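Fit chain B to the given chain A structure using the hints.
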Amino acid sequence: MTSPSEIDALLESKKIIVMVGAGGVGKTTASALLAIRAAMAGRRVALLSIDPAKRLASALGLGLGHEMRPVALMPAPDKSAPRGSLHASMLDQKAVFDRMVRLHAPSEKIAERIMRDPLYRAASTNLSGPLEYMALARLQELTQDKDFDLVILDTPPDSHALDFLKRPNILAGFMENRVMTWLIKPVLTMGKLGLGRLIGVGEKLAGGVASLTGFSALRSFGEFLLLMQEVIEGFHKTGEQVVATLQDKKTAFILVAVPTRAAERSAVFLADQLAEMDYRVDGLVINRCLPVASATELANVTASLPAAARDFVNARYFGEDKVIGNLIKNLSSSRKKNRLVVRIEDQGADFHDIDGLTRLALSF
Amino acid sequence: MSQGTSLAQLLTSRKLLFVTGKGGIGKTLVSVAMAQAAAAAGLRVLLVESSSRDQIAPLFGLDPVGHNETVAAPGITCINLNTAGNFREYITKYLGKKKMFDTVFSHRVVQSFFNTVPGLAEAMMLGRLYYTCDLRDVDQRPDLVIFDSPASGHFLSLMTTPDAIVESGLAGPMLRDTQKVRDFLRRKNDVGVIYVCTPEPLVVSEAMEFLPVIQEKSPAKLCGVVVNRIPPSLGHDATRQSPAHGAGESRLLSFLRERSAKSAAALDMVRVSTQQFPGIMYLGLRDLGFVDDPLPSDFHRTFLTEEALHP
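From first to last, the protein sequence lines are chains A and B. Taking this note's numbering, I'd label the letters of the first sequence as residues 1 to 364. Taking this note's numbering, I'd label the letters of the second sequence as residues 1 to 311.
In isolation and in its complexed conformation, chain A is listed as follows (with noise of 0.2 angstroms):
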């Protein structure tokens, strides 16, 4: 494990910190204690949480709304009082996403017929559509406000939490515009010729698409691709700001597993195509470990307890064991930079509150 003057030294050197992980490792439990530590340091840290559980929204004081707010911080347990500031925030998609077209539109008229269109409501609330970018866009936001010096960013659940860094790029290939007036064009122009008619390549597409969403569907999809021709071109540029500000070292993403073998198979998976798309690894955090026992200790628990609870005992530390060392292992040979190593000890669904909270970040 890493010693604790490291992880204080990765928190003080960084700008921002990306935590990555597959769904339900504890992502956003291990975004906060980081957070708090960092703050209680000294840096002034903004936390963006995407999807944060109840109990820990309401110990951070996470309410509705994306603003930033301050977190009320405790004295660490030796009295000392924290040197410096968090404030976190919950990422609001749509609020997100209206700043922008706001911001890119060519006018405020058309921000206002886009914002009306049922299109773009499906699209601003879906909850497996633009959340990504929505979280980068804001990222790139709060790396320009002066008041945070450290911006710490939790990803989406489950399996988006690449979709969501290859997302810029995504953006670059497709939503680039003469591409899209290609397709849309036609299709707002051929009136009420029919489909029959159609005879360019953009149109026997288009064609082809309408003969299976209906053509009014197609038309008002195309019309809304339209207006938003210049909202995509700021979103296209923004993804290139935030790539920039990615692979940049002054930061860091970490990656977040528990020690079982499924989290084990992502974190190696994600590991490697953070380096194949040039974003550095910096550190690992394991979450729900067994409290750390000696061989010893484990031997005198497991004598008292009845064989089903002796064998659950000691598979999961034997397990835990092989997990954490393969994954040490792995991330390490990857790149041969030292890096940052935190085993957490599981504390169950339900500890969170500030105080235990600011406790464990100040114990690893």
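Since the hints were made in silico from the structure, they are not lab data. Predicted model only: the values in this text are computed from it and were never measured. Wrong hints could be hidden among the right ones.
[To be verified] Stretches of chain B that chain A covers, calculated by requiring three or more beta carbons in the stretch to come under 8 angstroms of a beta carbon on chain A: (1) 11 to 25; (2) 48 to 60; (3) 94 to 104; (4) 162 to 171; (5) 227 to 234; (6) 252 to 264; (7) 274 to 280.
[To be verified] Covered, in the sense of this in silico footprint (three residues per stretch, anywhere, with C-beta under 8 angstroms from a C-beta of chain A), are these stretches of chain B: (8) 117 to 125; (9) 291 to 302.
We treat Cβ as the ideally placed atom computed from N, Cα and C, and that holds for glycine.
Then chain B, alone, in the frame of chain A:
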């Protein structure tokens, strides 16, 4: 099991089971063990997931299979569905327009276009499940499809898509087919949702808030609740607080004891909630401590052993 439906009844009577729950709670293991149990009962099972990387295949010792139905064990095939594959199959197999797919829908721009239409990927996913369960040639059709589904929030988005599409102004074959998919999902005797949780008070109370939402908004309804990772009893000695409780006590022991107490409280909550959903399956599974992969072929025998939820 003194009340409700048994797992065996569910496995033999349903065509499609969705398995969902909070992330990291054991959905995949539960899905795979259920597939093993169904296959052991002589059924042909298709085990489905939709993940950026295969979770199921490694449990059978396979390399990632992607969007290809692959035999994983006797009676069990598995697949990791992706949007592009679902889309291709909808047009070529279901609509029978192979030529149109080649000229129009295989085009990169058109594919990107469909990727951006909200809800389309979800509709294609549900459509693929419907097609597999109901429309395929009988000799190709599995007896049971188990879908190791996305976690709660995403699952809800998935299941509310058909309604959203039907109301969106879409027309043509896609509208017609989405209506059919929705009707299929509503068939309570064929389709059901199994919700997995763990015996922690917070997880259970979240589940109890989420389940009524499923019942209200999803066309497929709840047919079972699985409480996974019930810790084994610590026995008399360990449950008693030791006189040296405090400074000298093993952290490991106090951790185990605390977990047992929480689990008991959570199971009480589950028992109370049973009244809210009469007739569904309640299944408690024990915590194995650690599960290595690949799984043994009779993993379901050790795993799907009922812990007493109804004393």
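Results for each hint:
no., hint, in the structure
1, 11 to 25, "holds (count 4)"
2, 48 to 60, "holds (count 5)"
3, 94 to 104, "holds (count 4)"
4, 162 to 171, "holds (count 5)"
5, 227 to 234, "holds (count 4)"
6, 252 to 264, "holds (count 7)"
7, 274 to 280, "violated (count 0)"
8, 117 to 125, "holds (count 5)"
9, 291 to 302, "holds (count 3)"
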